[in-house]
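Protein chains: 2
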Amino acid sequence: MQRDRSKILADSIRRLLRRGAFSHLRKIVKKTHAADLSVVFQTLSPAHQQRLFELIENREQKGIILSELDRDTFLDLTEDLDLDELVKILETMANDDVTDLIGQLPAARSSAILEKMKKEHSAQVEGLLSYRDDTAGGIMVTDFIALRQDCTAREAIASLQKEYQDVEMPFYLYAVDENGHLVGVSSLRQLVLVPPETPLKAFMTTDVFSVQTDMDQEEVAKMVARYDILAVPVVDESHRLVGIVTVDDVIDIFRAEATEDILKMAGVGDEFIETKSISKSTRTRLPWLFASCLGGIVAFYVINHFESSLSRFAFLAAFIPVIMGMGGNIGTQSSTIVVRGLATGRLSVRDIRTVVFKELVIGGMLGVFYGLLIGGVAQVSYSRLSFALAVALAVLSSMSVAALVGSLVPMFFARLNIDPAVATGPIVTTAIDIISVFFYFQISTILLGI
Amino acid sequence: MQRDRSKILADSIRRLLRRGAFSHLRKIVKKTHAADLSVVFQTLSPAHQQRLFELIENREQKGIILSELDRDTFLDLTEDLDLDELVKILETMANDDVTDLIGQLPAARSSAILEKMKKEHSAQVEGLLSYRDDTAGGIMVTDFIALRQDCTAREAIASLQKEYQDVEMPFYLYAVDENGHLVGVSSLRQLVLVPPETPLKAFMTTDVFSVQTDMDQEEVAKMVARYDILAVPVVDESHRLVGIVTVDDVIDIFRAEATEDILKMAGVGDEFIETKSISKSTRTRLPWLFASCLGGIVAFYVINHFESSLSRFAFLAAFIPVIMGMGGNIGTQSSTIVVRGLATGRLSVRDIRTVVFKELVIGGMLGVFYGLLIGGVAQVSYSRLSFALAVALAVLSSMSVAALVGSLVPMFFARLNIDPAVATGPIVTTAIDIISVFFYFQISTILLGI
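So the protein sequences, as listed, match chains A and B. Following the numbering used here from start to finish, the first sequence increments by one per residue and tops out at 450. Following the numbering used here from start to finish, the second sequence increments by one per residue and tops out at 1450.
Only chain A is shown next, with the shape it has when bound in the complex (with noise of 0.2 Å):
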């Protein structure tokens, strides 16, 4: 239903672009909620986005719609877009969002931008672009509700409906001391439920989470998962309660996250380019096939190698392919399991021995399965014991070495603290294509005595 509805929308939508039926178009715009026209827009094509966000009245519209595209849209979208509007859709926006995009502009442009911007929020968000993006810091919101413990229920509720009108997440309250140190947090369901003169601290949770402001923001969304709260608080080194990062933002952690180790692992870079223009994808895509190109190379100069062999027994040729494959393919499975284990805290670095030893048996008892039935093929092919026997060793020891390699790669990268998904896909794939040819010819030449 909700897939339907996004389709039809879509649709209409384009046609009228294509038709070029802009106040019918307008009617549409002004009806749809923001959240569903971004979804729209981010698979339009970069002229047709141009001409929708020009036709958007609404700026706070304008706002939700440019804190969902990637980098270059939003370059190229608002490159022409006149600085006073800029300013004007950015103070629609929470500031973290706001600082999330002022971050991508050049200096020049978002420095004039934090010159017309209202002092208070242009000083947030000066503040908050002081931290590392992919920081607690860098995601979390300053508006949150902080009050003095000693402060009652009424009073909370009194503040509630003048100063905090406008937080975003109105569900804890969070009590500081005189020096705004974090000492307690409450919720809005206490404050409900408690007589109108209770103090804040005769209610409040004094064991409160808190994180400092460079956690890595993967580690600030497993934490919010764990404990399933709607936000966390985000603290200075002097235990300052600064800001909060909330729930919403942490679904968009995970989102980009798992994409990010999908398509790394695949050597598709870390942003989703399917919807850049074909020049750029290319270019990206480019650089990561290097590795296989280069690890073709040297297999072909490992075969080279052994040309005398391969001279005497061209069907040497034949199986190439099926050793090749079959250790690619469990060298994948290995290296995913460890990548995606090593994400999510299933695993460990810690566990490297036992797993690369758990993944070698695994290897090889698959290797000896899938030995024996390729090695049978070779030998009902060729009736040639000596040949069949080379095959399923090669296939053996291609299975039980890809396991291996798939592994321990990730393992050692994660140990050295390179993030394992970067670097697992293309050398992992790459080192077993050469060990498993050079296994496979240095086994054949030994055993069919050449």
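Treat the hints as calculated values from the structure; they're not laboratory data. All residues carry an ideal CB built from backbone N, CA and C; glycine is no exception. Incorrect hints may appear among the rest.
A few chain A residues facing chain B, derived, Cβ under 7 Å [what the hints assert, rightly or not]: (1) R18; (2) F22; (3) T336.
Under the rule of at most 30 Å between Cα atoms (straight-line distance), these lysine-lysine pairs were calculated in the BS3-like manner [as the list claims (entries may be wrong)]: (4) K162(A) x K1201(B); (5) K201(A) x K1116(B); (6) K201(A) x K1201(B); (7) K1116(B) x K1162(B).
Let chain A serve as the given structure and place chain B on it in line with the hints.
Leaving out everything else, chain B in the frame of chain A:
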């Protein structure tokens, strides 16, 4: 910091388990948040899990740990558990979690449990058991705040204090008519802000998002993420409010779906298997390698078919790895982009023609680049232009076809409503291997004039 804390906790629990220092362990367990305990628990060996679980005295902690386990571990762990104890643990848990667990048990045991549970609780669980696991009905909780639309803010607060003390997610107040139909929504925050005598219908929003019980859980999750809401109400066919899906479950869905997609694409089933026993892991992975084995055997016959070319020009064999490797890698790039694009909604099945055409062009451009490069290596090595040309053309055709197959196959499966992640991995790589080898030998045979 967070990671360190987990690590320290895990290390001390392991150490104490090995030493058998149970009374010390019991003390640590008592002081530890169940969510932290659960993380450590999942990294332990089955024997240690059994032992630690017995040491836990608090049934709520036990419940949280059980709710986070995968199917097999849960079944192993509870197999010998006393029925009364299991029922008492289940009664501390939210009914959506209870439903998940009971659904995994053998029929005899689950009905015995339902019999023993308190009537009200078991009736709710039985109701939930009738929905499919992966639908809104299967993941919703049935405790939510439903008020009549003419009730006043004061009355609403009074019922929060009485009947709705235990509601898990008390931030939305749903308004229903006399037949239980969902007619509006308001928030705890609104409730605090309005004068006490205001009736709910005066401050509720009537434009309320809801989902039907049979909506796929991934769609529900996307909806919660898109509109940045904390819970979405679930209604039956006649629009009666029957439950809510909360944001913490949405996070779990996204994480699980991402892991599932990644594991499926690598051909290692849809559950994280590294924590399982070696024989279990081996059995899960074995069948997935069949596709690649069969494909390799087909490639063997293809090469065999060109035996006469091979026996005259043995050096043909040396380029098999690089041609297969380049095709395989670009095919993985294409299929990964499409599978992830479909999963995140960046691509839709409607775009099949644009996407496949674009991939084909990218494959062609990258094919020209790497064809020239690898053809150059062939020319340098053998100084035979016709062969160098054959290698270059083989790389070009292999990479173009791979990009085509890599994007077309997942699109095609998605159109047939078959999960593109599960179908793509082995099929795409295997098809590309066979096609690459065939093109290479066909082109060489023609150009070398055999």
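Structure-based check of each hint:
Interface hint status for R18(A): violated, as the beta-carbon distance to the closest one in chain B is roughly 14 Å, over 7 Å. The interface hint given for F22(A) is violated, since its Cβ lies 24 Å from the closest Cβ of chain B, which is over the 7 Å cut-off. The interface hint given for T336(A) holds, since its Cβ lies 4 Å from the closest Cβ of chain B, which is under the 7 Å cut-off. Straight-line distance between C-alpha atoms of K162(A) and K1201(B) comes to about 23 Å, which keeps the hinted pair within the 30 Å bound.
Proposed proximity of K201(A) and K1116(B) is contradicted: the alpha carbons are some 42 Å apart, above 30 Å. Between K201(A) and K1201(B) the alpha-carbon distance is near 34 Å, which puts this suggested pair outside the 30 Å criterion. Proximity of K1116(B) to K1162(B) is assessed by CA-CA distance (about 27 Å); at most 30 Å being required, the pair is judged to hold.
Hints 1, 2, 5 and 6 from the list above are not met by this structure, while the remaining hints are.
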